[in-house]
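Visitor: In case you want the letters, here they are:
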Amino acid sequence: MQTPAPVDYARAHSVEQALDLLDQHDGEARLIAGGHSLIPMMRLRIAQPECVIDINDLTELDYIRVTGDHLSIGALTRHKTVLASPVIGEHYAILHDAERVIADPIVRNRGTVGGSLCQADPAEDLSAVLAALRAEAVIRSRTGSRVVPVRELDDGPYQTVLEDAEILTEVRIPIRPGAGSAYEKVERRTGDWAVAAVGAYLVLDGGVVSDVGIALAALGVEHGCATEAEDYLRGREITDQTLAEAGRLAAAASRPSPDQRGPVVYKRHLADELTRRALRRAADRAQGRI
Amino acid sequence: MQVRITVNGVEHVNEIESRQLLVHYLRTTLGLTGTHWGCDTSQCGTCVAWLDEEPVKTCTVLAAMADGHRVRTVEGLADGATLDPVQVGFMAEHGLQCGFCTPGMMMTARHLLDHDPDPDEATIREAISGQICRCTGYENIVRAVRHAAGHPSHPSDAAGADPATDGDSAVVGEPSQEVPA
Numbered sequence: 001m002q003t004p005a006p007v008d009y010a011r012a013h014s015v016e017q018a019l020d021l022l023d024q025h026d027g028e029a030r031l032i033a034g035g036h037s038l039i040p041m042m043r044l045r046i047a048q049p050e051c052v053i054d055i056n057d058l059t060e061l062d063y064i065r066v067t068g069d070h071l072s073i074g075a076l077t078r079h080k081t082v083l084a085s086p087v088i089g090e091h092y093a094i095l096h097d098a099e100r101v102i103a104d105p106i107v108r109n110r111g112t113v114g115g116s117l118c119q120a121d122p123a124e125d126l127s128a129v130l131a132a133l134r135a136e137a138v139i140r141s142r143t144g145s146r147v148v149p150v151r152e153l154d155d156g157p158y159q160t161v162l163e164d165a166e167i168l169t170e171v172r173i174p175i176r177p178g179a180g181s182a183y184e185k186v187e188r189r190t191g192d193w194a195v196a197a198v199g200a201y202l203v204l205d206g207g208v209v210s211d212v213g214i215a216l217a218a219l220g221v222e223h224g225c226a227t228e229a230e231d232y233l234r235g236r237e238i239t240d241q242t243l244a245e246a247g248r249l250a251a252a253a254s255r256p257s258p259d260q261r262g263p264v265v266y267k268r269h270l271a272d273e274l275t276r277r278a279l280r281r282a283a284d285r286a287q288g289r290i
Numbered sequence: 001m002q003v004r005i006t007v008n009g010v011e012h013v014n015e016i017e018s019r020q021l022l023v024h025y026l027r028t029t030l031g032l033t034g035t036h037w038g039c040d041t042s043q044c045g046t047c048v049a050w051l052d053e054e055p056v057k058t059c060t061v062l063a064a065m066a067d068g069h070r071v072r073t074v075e076g077l078a079d080g081a082t083l084d085p086v087q088v089g090f091m092a093e094h095g096l097q098c099g100f101c102t103p104g105m106m107m108t109a110r111h112l113l114d115h116d117p118d119p120d121e122a123t124i125r126e127a128i129s130g131q132i133c134r135c136t137g138y139e140n141i142v143r144a145v146r147h148a149a150g151h152p153s154h155p156s157d158a159a160g161a162d163p164a165t166d167g168d169s170a171v172v173g174e175p176s177q178e179v180p181a
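Top to bottom, those sequences are chains Z and P. Under this note's numbering, residues 1 to 290 are what the first sequence spells out, in order. Under this note's numbering, residues 1 to 181 are what the second sequence spells out, in order.
Honestly, I wouldn't trust all of these hints.
Said to hold, decoys possible - Calculated lysine to aspartate or glutamate pairs in the DMTMM-like style (CA-CA distance at most 20 Å, straight line):
hint: 1; chain 1: Z; residue 1: 80; chain 2: Z; residue 2: 90
hint: 2; chain 1: Z; residue 1: 80; chain 2: P; residue 2: 52
hint: 3; chain 1: Z; residue 1: 80; chain 2: P; residue 2: 116
hint: 4; chain 1: Z; residue 1: 80; chain 2: P; residue 2: 75
hint: 5; chain 1: Z; residue 1: 80; chain 2: Z; residue 2: 192
hint: 6; chain 1: Z; residue 1: 80; chain 2: Z; residue 2: 57
hint: 7; chain 1: Z; residue 1: 80; chain 2: P; residue 2: 79
hint: 8; chain 1: Z; residue 1: 80; chain 2: P; residue 2: 139
hint: 9; chain 1: Z; residue 1: 80; chain 2: Z; residue 2: 50
hint: 10; chain 1: Z; residue 1: 80; chain 2: P; residue 2: 54
hint: 11; chain 1: Z; residue 1: 80; chain 2: Z; residue 2: 69
It is worth saying that the hints were derived from the structure and are not from the lab. All figures in this text were calculated on a predicted structure; none of them were measured in a lab.
One chain only, chain Z, in its complex shape (with noise of 0.2 Å):
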């Protein structure tokens, strides 16, 4: 029987009570919410925090709202919640694209939007969905609060920019008017991890990209995002050509590791194939074509 090390248990009813705990614990604490991450790494002992804090209780993080020109979504939203949302459904087809390969129903009942990004697992997809859709993070302290571009908010595999005892309360996505988006993936099997992924955005200006996001997902990318990719279609219209070449950009600058879900020229292909398979769905999108 795998356990996890003996750990306290606390309940937070309140964020000014959870950052009041992590300050209490000095770094040797971990919030819960989902639980299929944290959990795990307990029971292998890779994390083995001095106290786990129960962040269920905060519904006040539990929402999806439209404010002005931009979509709010609490950190405690459930995946479930997202992928039932109409609000979201209409402004980002690529998070509904996303939630319905996220794990599994069951896993959705639980996990969150916060804990997913908190995470920082290199092969999550909500990380790379956001990423692609330029979103914000909200981060509390104490002190005050601060917005991070998502784009920024790992500091490597499993490292988030958060201090110790700032809590991520809210994710922010900017509605723009001739936007479409898409995400790809391929797994082994449902729920599973993603071999590679895709997410993208695109805005059309007149058939021509006037903004774009590409961001992959386990396929070794620094922050996640096909810079190159975008730089170049920025301006340009979606052409099997442009296409081409952006595929060809984003598995150039893909670095996947080899493992038990496919070789490094397996990924690079995934990267090229998903990324034009994508921008494809994403320009039909914007374009209304479906």
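With chain Z's structure known, arrange chain P on it following the hints.
Guide: Frame of chain Z; chain P shown alone:
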């Protein structure tokens, strides 16, 4: 630490280690061994039980997190001697072979049918997609859930008798055919 958890309608107060997982609390502290324990990592879904109103993988929930909440396990599916239609369906359609995944599958099926009384095959397959049957007997599991569809979960409260779920001696009268716990 002390926890107060209502399991299958019965309140339990226990002194536990705060590192104890919900699956082990159910199996070892309460002796409710119907909830099986498989992969440890939220992959296989064998340990699925309900936390409040929803199926969860109890191998990745601390028992402490269930303090003050309700849990429903496979032992809470039957209504006294009357089996839940899902349990009847698993027997009628040979929905289990080794039986290891069966309790979790049934808890997921019950939740699905409570929210979608007439699911098609694709919906059933999606609902159980986070659970692994080691015998790979999915065809019969899907048929078992279809069999249960449309049958009320508490037939004793429903109007009219249903021979598939009400007092069928072949179903509830033979211990050898009871769903393994």
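Visitor: Are the hints correct? Go through all of them and say.
Guide: For each hint, the structure was consulted:
Of the supplied pair hints, the one linking residue 80/Z and residue 90/Z holds, its CA atoms being roughly 16 Å apart against a limit of 20 Å. For the hint pairing residue 80/Z with residue 52/P, the CA-to-CA distance comes to about 16 Å; that is within 20 Å, so the pair holds. A threshold of 20 Å between alpha carbons decides the hint, and for residue 80/Z with residue 116/P the separation of about 16 Å falls inside it, so the pair holds. A distance of roughly 27 Å separates the Cα atoms of residue 80/Z and residue 75/P; the hinted pair therefore is violated under the 20 Å criterion.
A threshold of 20 Å between alpha carbons decides the hint, and for residue 80/Z with residue 192/Z the separation of about 17 Å falls inside it, so the pair holds. Taking the CA atoms of residue 80/Z and residue 57/Z, the gap is near 17 Å; set against the 20 Å cutoff, the hint holds. A threshold of 20 Å between alpha carbons decides the hint, and for residue 80/Z with residue 79/P the separation of about 30 Å lies outside it, so the pair is violated. Distance restraint check for residue 80/Z and residue 139/P: the Cα-Cα separation of roughly 26 Å exceeds the 20 Å cut-off, and the hinted pair is therefore not satisfied.
At most 20 Å may separate the alpha-carbon atoms for a hinted pair to count; residue 80/Z and residue 50/Z exceed this at roughly 30 Å. Our distance criterion of 20 Å between C-alpha atoms is met by residue 80/Z and residue 54/P, whose separation comes to about 11 Å. Between the alpha carbons of residue 80/Z and residue 69/Z the distance comes to roughly 24 Å, so the proposed pair goes past 20 Å and is violated.
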